[in-house]
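Let the sequences and hints guide you as you build the complete structure.
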Amino acid sequence: MRFVRGMASALGVSLGALLLPVNLAHAGGPLLVRDNGVPYVFSTAAPIPYRTDNGPLSATVTEATARSRVAGMFGVWEGVTTSSIAYARAGFVNATVAFTGGDVNTPDEFDAVQTDCGNGVQSPIVYDADASIFMALGIDETSVIGIAGPCAANATQFITSLAVMNGLFQDGAAAPVPDISTDEFDAALIHEFGHFSGLDHSQINVNCLGGCGPDDLTGLPTMFPVLLHVSQKSLSVDDIAWISRLYPQTTGGTTFANTHGTIAGTVFFSDGQSHAAYVNVIARPVDTGANQDRTAAVSVVSGYKFRAIRGNPINDNPTQFPPFGSLTPGDMGLFEIPVPAGSYTVEVESIDAGFSDGSGVGPVQIPMPGTAPAPSATIVVVAGGTNSGNDVTLIGTDPRFDQFEGP
Amino acid sequence: MKRLLLLLLTLAFAGPAWAERGALSLSRNIDQLTSRSAVILRGTVLSAHVEKHPVLTGLDTVVVRMRVRETLKGRPGATYTFRQYIWDIRDRFDAAGYRKGQDYLLMMIAPSDYGLSSPAGLAQGRFRILRDRTGKELAVNGHANLRLFDGVSAQLAKEGISLSPKSSKLLASHHVGLVDLRELTDLVRELAQRNP
Numbered sequence: 443m444r445f446v447r448g449m450a451s452a453l454g455v456s457l458g459a460l461l462l463p464v465n466l467a468h469a470g471g472p473l474l475v476r477d478n479g480v481p482y483v484f485s486t487a488a489p490i491p492y493r494t495d496n497g498p499l500s501a502t503v504t505e506a507t508a509r510s511r512v513a514g515m516f517g518v519w520e521g522v523t524t525s526s527i528a529y530a531r532a533g534f535v536n537a538t539v540a541f542t543g544g545d546v547n548t549p550d551e552f553d554a555v556q557t558d559c560g561n562g563v564q565s566p567i568v569y570d571a572d573a574s575i576f577m578a579l580g581i582d583e584t585s586v587i588g589i590a591g592p593c594a595a596n597a598t599q600f601i602t603s604l605a606v607m608n609g610l611f612q613d614g615a616a617a618p619v620p621d622i623s624t625d626e627f628d629a630a631l632i633h634e635f636g637h638f639s640g641l642d643h644s645q646i647n648v649n650c651l652g653g654c655g656p657d658d659l660t661g662l663p664t665m666f667p668v669l670l671h672v673s674q675k676s677l678s679v680d681d682i683a684w685i686s687r688l689y690p691q692t693t694g695g696t697t698f699a700n701t702h703g704t705i706a707g708t709v710f711f712s713d714g715q716s717h718a719a720y721v722n723v724i725a726r727p728v729d730t731g732a733n734q735d736r737t738a739a740v741s742v743v744s745g746y747k748f749r750a751i752r753g754n755p756i757n758d759n760p761t762q763f764p765p766f767g768s769l770t771p772g773d774m775g776l777f778e779i780p781v782p783a784g785s786y787t788v789e790v791e792s793i794d795a796g797f798s799d800g801s802g803v804g805p806v807q808i809p810m811p812g813t814a815p816a817p818s819a820t821i822v823v824v825a826g827g828t829n830s831g832n833d834v835t836l837i838g839t840d841p842r843f844d845q846f847e848g849p
Numbered sequence: 033m034k035r036l037l038l039l040l041l042t043l044a045f046a047g048p049a050w051a052e053r054g055a056l057s058l059s060r061n062i063d064q065l066t067s068r069s070a071v072i073l074r075g076t077v078l079s080a081h082v083e084k085h086p087v088l089t090g091l092d093t094v095v096v097r098m099r100v101r102e103t104l105k106g107r108p109g110a111t112y113t114f115r116q117y118i119w120d121i122r123d124r125f126d127a128a129g130y131r132k133g134q135d136y137l138l139m140m141i142a143p144s145d146y147g148l149s150s151p152a153g154l155a156q157g158r159f160r161i162l163r164d165r166t167g168k169e170l171a172v173n174g175h176a177n178l179r180l181f182d183g184v185s186a187q188l189a190k191e192g193i194s195l196s197p198k199s200s201k202l203l204a205s206h207h208v209g210l211v212d213l214r215e216l217t218d219l220v221r222e223l224a225q226r227n228p
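Residue numbers (this note's numbering), protein chains in the order written: chain A, 443 to 849; chain B, 33 to 228.
Hints in this document: simulated from the structure, not taken from any laboratory. Note that the Cβ used here is the ideal one computed from N, Cα and C, for glycine as well. Treat the hints with care, since some could be wrong.
To be verified - One-sided excerpt, in silico: chain A residues whose CB lies under 7 Å from chain B:
hint, residue
1, Pro491
2, Gly521
3, Asp553
4, Ile587
5, Ile589
Stated by the list, open to error - Away from chain B, derived, C-beta distances all over 12 Å, residues of chain A:
hint, residue
6, Asn478
7, Val503
8, Thr504
9, Pro815
10, Ala816
Unchecked claim - Not close to chain A: a few residues of chain B, all C-beta gaps over 12 Å, as computed:
hint, residue
11, Arg68
12, Tyr112
13, Ala186
14, Ser194
15, Ala224
Dropping the structure here:
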């Protein structure tokens, strides 16, 4: 393991001169947060039930093989010992009024199955063997590998999720699109199953977009917005920490509470009073010499559980405003990072300008104002404890218009 | 070390796969995006609202109406309306991020039999248009323009096609991040001529 004595990333500085509009997406860590600040999750009273398509994944991947691979993809998340999340295949996709069972392979059948998912009836995994469903849906079948996400929730929990896999990338044919490897395809869907389970993207080692060394690659989360390397098929410390935070294992010898603690604080503008939301905060483990470990970090976005202004500001339908996130002023710049017990430094950076819209990290995308301070002094986290008050004040941000803008 | 680097290269994705709101797509370069698009336009969002599909009534869609300022491929007319399927629960609340008044360069695939369409490569074919403090217009897609120009020069050379010096310079110099909108649209026009 290589340790690097480093400074916080200066990302965002070059964008400081741009007048970027607020962009809309949702939170790093949990995908959605309730109005009381508690993340949406599935119930863990029983394993999350899912149903698989009763047809082949592609011309060369049988239903039985696909079923086994899907179980393996869910198994990656289920294998986290500090998390209680579990999944169970409940059988083939259920027949509905307009779908009589078998292979889901027409737009009408998909519509029926999606309706069922939206009504909280079943969580289907659909194999689009020839991409005819993607094409009917007007989705570019030559580039999209798969789609997934929760499709129904009640006031407190997710109820159902959906995933669709594009078999063209696994059909052994060079046209219309060349295959990607089994590992690449599965890595993509493991990422999607993270969304299926309620996780959002994480930005760690973003320098890898421009090329990076092996330590940085190792630290790339599966939930990083880009799959750059097959190593992302395996969960990173960040993925493990967050799935465990959302679904903590509370029984047995290895629990979330006896392995992980929390680093908490608030990001402020330069005045040290106004909360700064949507700044990426990264906790990196350090050794006794305060040398950073690039392979094992955990991140969150400040204000991750605060309600983002995600509705269309000049919306045709003013009811289309998000019901997600708390309105507690103290949550606006708050960060809470679940980490394995140990010693850490905390650093902040801007969310990368390219992580916009669907690839977004955090409730909205705006460049971080001002400049990041140097990483914090060493913070010691004990299992089951919270090391709070690790506030970060940005350097050189614009002043407030008046004192009433403070939280 | 050499062996390690070789291993890393072996394990790297041929083209990185980008996560979008509940989707993963392979990187496509500007030539591939241009070829895949039926309509390429620069315009402003006049309206965007979420509604159920009229036929596939279980599906949520966002209907976006654009004022067309510039046409680079196809014949979208003065206003262009498209209906995009949305599956992510969050898209229902923010019209998939399309906001009235926002300028975009959109590279749209042809509508399906059900009237559904979306940008080529999803976020890859959807460029937000921004202005810096000097008023210069810049464009960035949902993949930070990463690898947007990779392989284009080689492909064109193979076909014996040469681009204008300005476009050639753009292809050679850009790696990631914002790109001058005018240079991008000039390049797209040249590429679109190969596959009108």
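Right, here's what the structure says about each hint:
| no. | hint | in the structure |
| --- | --- | --- |
| 1 | Pro491 | violated, 19 Å |
| 2 | Gly521 | violated, 21 Å |
| 3 | Asp553 | holds, 4 Å |
| 4 | Ile587 | holds, 5 Å |
| 5 | Ile589 | holds, 4 Å |
| 6 | Asn478 | holds, 18 Å |
| 7 | Val503 | holds, 18 Å |
| 8 | Thr504 | holds, 23 Å |
| 9 | Pro815 | holds, 24 Å |
| 10 | Ala816 | holds, 25 Å |
| 11 | Arg68 | violated, 6 Å |
| 12 | Tyr112 | holds, 14 Å |
| 13 | Ala186 | holds, 17 Å |
| 14 | Ser194 | holds, 26 Å |
| 15 | Ala224 | holds, 17 Å |
Hints 1, 2, 11 from the list above are not met by this structure, while the remaining hints are.
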